[in-house]
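Asker: With chain Y held as given, fit chain Z onto it using these hints.
Spelled out, the chains give:
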Amino acid sequence: MESTQLSILTISGSILIIATFSVVARRGFMDWLNAYRHQSIVLAGVTAIIGYITGIWEIYIAAALTLIVKSIIIPKVLTQVTKRLEIEFKTETNPYVSLRTSVIISALLVGLSYFLTQQIPFRSDPVVNVLLPVSMAQFFIGLFVLVNRRTVLSQVVGLLIIENGLFLFTMVLTHGVSLIIEIGIFVDILVGIVISSILLFRMSRTFDSLDVTNIENLRDD
Amino acid sequence: MYSMAEIIIGIIQGLVIILLSPLITGIMRKTKARTQKRMGASVLQPYYDILKLIKKDEVVSDQSSWIFRICPWVNFVSLATAAFFIPLFLTYSPFGLAGDLLLVIGLFALARFFTMLASLDVASAFGGLGSSREMMYSALLEPALFLTIFIVALTHGGTNLSTLITAVSGATLLPHPQLIFAAIAMFVIVLGETGRLPFDNPSTHLELTMVHEAMILEYSGKSLALIEWSQAIKLLILLVLVVNIFVPWGISSSITILALGIGFVLLVAKISILATFIAYFESSIAKWRLFRIPDLVAVAIASSMIGIILYYIK
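Chains Y and Z supply the protein sequences, listed in that same order.
Take 3 as the starting number for the first sequence in the working numbering and just add one per residue.
Take 89 as the starting number for the second sequence in the working numbering and just add one per residue.
For reference, chain Y alone in the conformation it holds in the complex:
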């Protein structure tokens, strides 16, 4: 492994972290979708770089699938579904932890993931060394967004970020599971998005809001 390749990997990992952060730092649903789209494009680029470094051609197909499914189809589907929702459902006005605190917390989560991966001895493989903490950071940040936000839409985006993190995780550790499984996962995400969008549309009809705390009520008082 040349040092230039390692540097390119490191830089792309950093860009991935930056793309993940823009989901945390924004308020509107459209901003999140754009951030998710950018993140997926960067993720596809990182996957292609992994493919180039390891020399396994199947990874290129996974990268192309990532580019098509995650940066084109999923944002399109979500935009279409949420077109009829009212604008106040789409902005996160009242998260449990304020935006500025959550940005700092996410930075700490990035630090935590670096700290955790330092405990695992993977010294032999530089790809793992560089990108494993990035994937874990994505996972943690996605989880944090999921827990912190109240509206269903932002939780969907949080789920998508977690999925991106897991995708990178498997890609880094196994250099691509078999292509059939990859395609299966992509179809799974798509179906998941469609189902969740139907659910959130019904929810907006029933409760007149997308706040998840409404679901916790058993009766309609």
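It is worth saying that the hints were derived from the structure and are not from the lab.
Possibly wrong hints are sitting among the right ones.
[What the hints assert, rightly or not] Rough simulated footprint, nothing fancy, chain Z against chain Y, three-plus residues with beta-carbon under 8 Å:
no., segment
1, 13-25
2, 98-111
[As the list claims (entries may be wrong)] If you only want the chain Y side, here are some residues facing chain Z, beta carbon under 8 Å, derived:
no., residue
3, Ser9
4, Tyr116
5, Gln120
[Said to hold, decoys possible] Pulled from the structure, derived: some chain Y residues nowhere near chain Z, Cβ distances all over 10 Å:
no., residue
6, Ser5
7, Gly47
8, Pro77
9, Thr93
10, Val130
11, Pro135
12, Ile164
13, Leu168
14, Ile191
15, Leu192
Just so you know, even glycine gets a beta-carbon here, dropped at the ideal spot from N, CA and C.
Answerer: Positioned in the frame of chain Y, the structure of chain Z alone reads:
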């Protein structure tokens, strides 16, 4: 020790910053005007403004004290002193022995402190409003600025600007991913320190949104010229720091005429591009609500925190 030629070039570097700064302000104003489909004034307009203001008489409130009168001079002197520490087109400045990056920030803080005092001194309502906002901004921006500087100083060894920029000009950006995070944080900080748009609108006199303009509202004549000029110097110093720390390509490391010429032309080109970009960025966003500004500063702080983590982990 430095030779005579080096000392002369050092003096020229400081003078170039002082003399070129209104031009950069003019370029930014022109860009903003063009993006808003206006013709805009000439890029030399800030020079004409300063010359005209110097010729004009000055009105000073009889309620004000000496602080109000010396504030423009303190502003100008501290920022002009800071200009001499900045390596411009040569990788080092012979005056770098006397002070480093932290001193430059200290001089910025001194100028800002006196501006806030002077705005409180005349006891107008706008002055108090402006200085309280400015105090909030500076208290928020300073930790972010220091974290960013620590990233750069840790990466290249030392806060002395001359050794720092000599080290930067020899290294490539590629093996230092933490510098990307530092650059993002630095961009936000430059916007905040110079009062550009999401923080403060430099071209408005609308009471509710102004910060810096509210503080200098009472000034006229020569004092106003000095304050405007020192503000332009501050902007140029920060832009030069960004350019020379993060994209130092082409900066001269020897004192031959050719290398210095190339360094100067490239520097002016890079700074003009950066200034145009900032002006364009300003046109594309609106001023943020005052209490949303901490969100933006939090982004800068988080970014530099990740940069430091990356530095230590890698």
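Asker: Beyond 10 Å from every Cβ of chain Z: is that where the Cβ of Y:Val130 lies?
Answerer: 14 Å, holds
Asker: State whether the coverage of the segment 13-25 of chain Y by chain Z holds or is violated, taking the criterion as 3 or more residues with Cβ-Cβ distances under 8 Å.
Answerer: holds (count 7)
Asker: Y:Ile164 clear of chain Z by more than 10 Å, beta carbon to beta carbon?
Answerer: Given that every Cβ of chain Z is farther than 10 Å from that of Y:Ile164, nearest at about 19 Å, it holds.
Asker: Could you let me know if the closest chain Z CB is still more than 10 Å away from the CB of Y:Pro135?
Answerer: The assertion about Y:Pro135 is violated, with a minimum of 8 Å to chain Z.
Asker: Once the closest CB in chain Z is found, is it more than 10 Å from Y:Ser5?
Answerer: Answer for Y:Ser5: violated, closest chain Z Cβ roughly 7 Å.
Asker: Let me know if the C-beta of Y:Tyr116 comes in closer than 8 Å to any C-beta of chain Z, holds or violated.
Answerer: Interface hint status for Y:Tyr116: holds (5 Å vs cutoff 8 Å).
Asker: Taking 8 Å as the limit, does the beta-carbon of Y:Gln120 come near enough to a beta-carbon in chain Z?
Answerer: 7 Å, holds
Asker: Hey, is Y:Gly47 genuinely clear of chain Z, shortest beta carbon separation above 10 Å?
Answerer: 15 Å, holds
Asker: Please confirm whether Y:Pro77 is truly not at the interface, meaning its C-beta sits more than 10 Å away from all C-beta atoms of chain Z.
Answerer: The claim holds: Y:Pro77 sits with its nearest Cβ about 22 Å from chain Z, beyond 10 Å.
Asker: For the restraint on Y:Ser9, tell me whether the closest CB of chain Z is nearer than 8 Å.
Answerer: 4 Å, holds
Asker: Run the C-beta distances from Y:Leu192 to all of chain Z and say if the shortest one exceeds 10 Å.
Answerer: 32 Å, holds
Asker: Examine each Cβ of chain Z, and state whether all of them lie more than 10 Å from the Cβ of Y:Ile191.
Answerer: 28 Å, holds
Of the numbered hints listed earlier, those contradicted by the structure are 6, 11.
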